[in-house]
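Colleague: The chain contents come next:
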Amino acid sequence: MDYANLLSQTVQQIKPSGIRKFFDLLENVQDVVALTVGQPDFATPWHIREAGIASLEQGKTYYTSNAGTIDLRRAIAEYLERRFALTYAPEKEIIVTVGGSEAIDLTMRALIEPGDEVIVPTPSFVCYGPLVEMCHGVPVYLETKAKDNFKLTADDLRAAITPKTKLLVLPFPNNPTGAIMTREDLEAIAAVLRGTNVLVLSDEIYAELTYGRRHVSIANIDGMAERTILASGFSKAYAMTGWRLGYIAAPAPLAKQMLKIHQFAVMCAPTTSQFAAIEAMRNGDEDIEYMAEEYNRRRRYIVKGLREIGLECFEPEGAFYVFPKIAGFGLGSDEFCERLLNEGKVAIVPGTAFGPGGEGFARISYAYSVKHITEALARMEKFIAGLR
Amino acid sequence: MDKILKMLEDDATLTPEQIALMCEKEVGEIRDLIKKYEADGVILGYKTIIDWDKTDREYVSALIELKVLPQRDRGFDKVAEKIYNYPEVQSVYLMSGSFDLAVFIEGKTMREVAYFVAQKLAPLEYIQATATHFILRKYKDKGVVYGNVEVDERGNII
Chain Z
163 MDYANLLSQT VQQIKPSGIR KFFDLLENVQ DVVALTVGQP DFATPWHIRE AGIASLEQGK
223 TYYTSNAGTI DLRRAIAEYL ERRFALTYAP EKEIIVTVGG SEAIDLTMRA LIEPGDEVIV
283 PTPSFVCYGP LVEMCHGVPV YLETKAKDNF KLTADDLRAA ITPKTKLLVL PFPNNPTGAI
343 MTREDLEAIA AVLRGTNVLV LSDEIYAELT YGRRHVSIAN IDGMAERTIL ASGFSKAYAM
403 TGWRLGYIAA PAPLAKQMLK IHQFAVMCAP TTSQFAAIEA MRNGDEDIEY MAEEYNRRRR
463 YIVKGLREIG LECFEPEGAF YVFPKIAGFG LGSDEFCERL LNEGKVAIVP GTAFGPGGEG
523 FARISYAYSV KHITEALARM EKFIAGLR
Chain S
2 MDKILKMLED DATLTPEQIA LMCEKEVGEI RDLIKKYEAD GVILGYKTII DWDKTDREYV
62 SALIELKVLP QRDRGFDKVA EKIYNYPEVQ SVYLMSGSFD LAVFIEGKTM REVAYFVAQK
122 LAPLEYIQAT ATHFILRKYK DKGVVYGNVE VDERGNII
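Chains as they are written, first to last, in my numbering: chain Z, 163 to 550; chain S, 2 to 159.
If we strip away everything but chain S, and leave its shape as in the complex, we get (with noise of 0.2 Å):
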């Protein structure tokens, strides 16, 4: 049933009927196997990609990297629990390699982005060092390319 989530993943507005009509079962056994992986935690939930570069909304995101001090017991989920309460922080990753917690954060301004670093985050128990990325451009997130609206090119040959 891998196949049905991944449909859902590419295209969250698919009903259960069209997923039905398409993987050829009945539309209960949509409905309920959709409730199921709802109740199991398997979806967590249905968003919209926006491209708000298109919109008026005052808009920066950032990547930061934080080098975190591991908690005896509790490793980095503590120190990511903390982080990830805020709600400027959008995404928060434990990573291998040369950083701990990578972060990614979205506010109006530069500025604000930046203050939330310096008073919120930096300042934390077990962080150790930030390093704030900001995010200049989108080309693709979540599988999708940003830009220009595909228009149908195709020439009409039969």
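Just chain Z, same shape as in the assembly (with noise of 0.2 Å):
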């Protein structure tokens, strides 16, 4: 068979993400203390886990309607009122989705047709860009820089609007960098977007993981909610991501488009899994604090001890992850996490694989005991100096 031919030109197309080279060598070299995970280092909090199991107990193995059962919805819909006062309609403006993943899929499914901009700034979360490109778009790679926290601002967003821009991608808080956007920055990118046709797909997956401050939503902003597809979900901040369960909350008109595709691609996210998620949405709140204050802890330990092996930091105020600079030995970010994987003995990830203003620097999660984190940090000590 020709598969080159067969196969779409499109998905052929897409670069397969650099990462997966460097966790194949990571599986050869032995005795590693690895950093790399992008998960939680907890097991789900054993009352939302024993939801899931009641409904499979009670036979509930049935598919949900599309948009996920009604009571999930509202109690999504209490959450986002609770927690962060946005308001949406459980009926409408509300679709539960196979991982926040999904969320983000049917965004640029619904939204792009071919030719379309998607404004993503980088470093950022690696599926947007292959997402937009699936569907005949172009994404356009934004670098945030360390300089301004990695955070998006005003003038580079301004400066990367064209009459083709469809969407801008709000990755924040951010993986891999930890940065955050307060409600003054907000209100900065709105001012850009006021008076233009530009929507916003809000990527607010590690909301709950914000350390000193409470995240914002852009939809938080005046006149911002009618332009907002909020994308969410439950891995990060209940530790649920094998439940595979996330959700879109965005203006009706959209979301009708939206649960379309889902009706068609997946039907409905898993049950199991939203039986659950009704239990963490009302009775969650504890285990989000716990957890995060446990993150908060381990954050702590780890900016100071990469500063103090030398290693420059900037203060990561979101996610489980910073991103510290590791430039300065001579060294490309993949050169220098290849050799400090293979001579160090410890793996964490190349900035360059989070698309462009990632070179430079690497992503190292802090989703591990403090023991293992303090084993990592003597390691790279030992590295580091070995390259001074």
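In case anyone wonders, no lab produced these hints; they're calculated from the structure.
Please note that the accuracy of each hint is not assured.
[As the list claims (entries may be wrong)] Chain Z stretches covered by chain S per the calculated footprint, using a threshold of three residues with CB under 8 Å from any CB of chain S: (1) 180 to 190; (2) 198 to 207; (3) 457 to 470.
[As the list claims (entries may be wrong)] The calculated EDC-like cross-link candidates involving lysine to aspartate or glutamate, where the alpha carbons are at most 16 Å apart (straight line), are: (4) S:79 with S:33; (5) Z:466 with Z:477; (6) Z:533 with S:151; (7) Z:466 with S:27; (8) Z:533 with S:12; (9) Z:533 with S:153; (10) Z:466 with S:25; (11) S:4 with Z:455; (12) Z:533 with S:11; (13) Z:466 with Z:543; (14) Z:466 with S:18; (15) Z:487 with Z:477.
[Stated by the list, open to error] Residues on chain Z that point at chain S, a partial pick, calculated with CB under 8 Å: (16) 215; (17) 218; (18) 288.
Keep in mind the model is a prediction, meaning the values are calculated, not measured.
For every residue, glycine included, the Cβ atom is placed at its ideal position computed from N, Cα and C.
Dock chain to chain to rebuild the complex, using the hints, since each chain is given by itself in its own frame.
Modeller: Dropping the structure here:
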């Protein structure tokens, strides 16, 4: 078979994530202390797991309605109101999805016409660009910089908008930098967007993991809710990555069209997960606080630790990553990380994996025990001393 | 400062330096605080949780329920004191309900434990009745689950 001709040209042209190669390397090195994982090290709180198990025991193994059970959509609406002062109608403005990832995919597919431009601030999570390309759109990568605390600035945004711009992705709190956007930062972005037709996909999967101040959604800013698609989920806040459950909150005319795609592509999100998620939304606030406090301790510990071994480190205010500067040793990020892996036996992710602006940096996850982090820091110190 | 106590309760190996970093405090402040907790008897000691079943040590443990006649003015304290002084005794609790003292005992063999109960505990003045329950398996103790060592199975998803 001539697969190359049979396969979609669009798909074939998508570059595979560079990080795969690095993870393959990682699997072949023994005794490595890894700080690479992008998911919580907690198990889902027991009462949430129990709710999932109970639903199975009661035989709730059917498809739900396409948008998700109305109970869960109501619980999500109440949650968004309670924790972020956002108002969405559960009947028409919320869709329960297969993780935050599907929420992002639905947004792209519902909005993008061939040639439409989508502004993607980087460094950021790897999925936005490829999903835009799948829709024959054009990702326009916009580098955020360490000197701006890796925030998206109004000036950079203004310069990037063209008549073809359809959508701005707002990936904050950010993976991999840990940057957040404050209300003032968002006001400045909103001022640029007002008077344009640019929509916003606000990826708020890390919204519950901010340190020192609460997350603010761009949908909270005057006049912005009508142009915002909020994508979020249960994975990070409730340590529910494997349940594959997320949601979209968006203006009804957008949600209505997205629901069609969701309906034909996946029917509905996993039913067991939906029942567990109701318990999470209704009785999980304390779990969130507990885990966020635990991450915060490790955040302080690792930031100070990295600075002490001589790595410049921007103060992350969200998610569970630090993004230290690893330039200055005469090595590119990929080479630094590869040598650190082979010689120092520590695995961290080169910043280049997260798009333009990542060179010179590396992502370190602190979703690990203090003991684990301490060992990694000791090894890194030794490795860096050898480079000097 | 209960937070620091909770951190130490969960992991006694944390150093004052580590705690200080995690709580954004000065190391000296944390050291002083721990010293004070120790002096005040808030922190009573530091121990290691060991799964003896994974070692060669001959070992058996039991929970003994005791019914005790309270003494005038001293209640159960005098009896409890007599009991906790035996090195075989790991824990003694005063309980509500159908018996009075719960005593956890460790010994090498069941025979040794049974002998201790019959010869040392039961004959004590004011003890009215004993019931011995051997512990067959520990599933969880002091918040720690016994059994397999946890392996990090999380997928490398960025």
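Colleague: All the hints need checking, so say for each whether the structure fits it.
Modeller: Going through the hints against the structure:
no.	hint	verdict
1	180 to 190	holds (count 3)
2	198 to 207	holds (count 5)
3	457 to 470	holds (count 6)
4	S:79 with S:33	violated, 35 Å
5	Z:466 with Z:477	holds, 10 Å
6	Z:533 with S:151	holds, 14 Å
7	Z:466 with S:27	holds, 13 Å
8	Z:533 with S:12	holds, 10 Å
9	Z:533 with S:153	holds, 14 Å
10	Z:466 with S:25	holds, 10 Å
11	S:4 with Z:455	holds, 10 Å
12	Z:533 with S:11	holds, 13 Å
13	Z:466 with Z:543	holds, 13 Å
14	Z:466 with S:18	holds, 11 Å
15	Z:487 with Z:477	holds, 12 Å
16	215	violated, 18 Å
17	218	violated, 22 Å
18	288	holds, 6 Å
Checked against the numbered hints given earlier, this structure breaks hints 4, 16 and 17; the rest are met.
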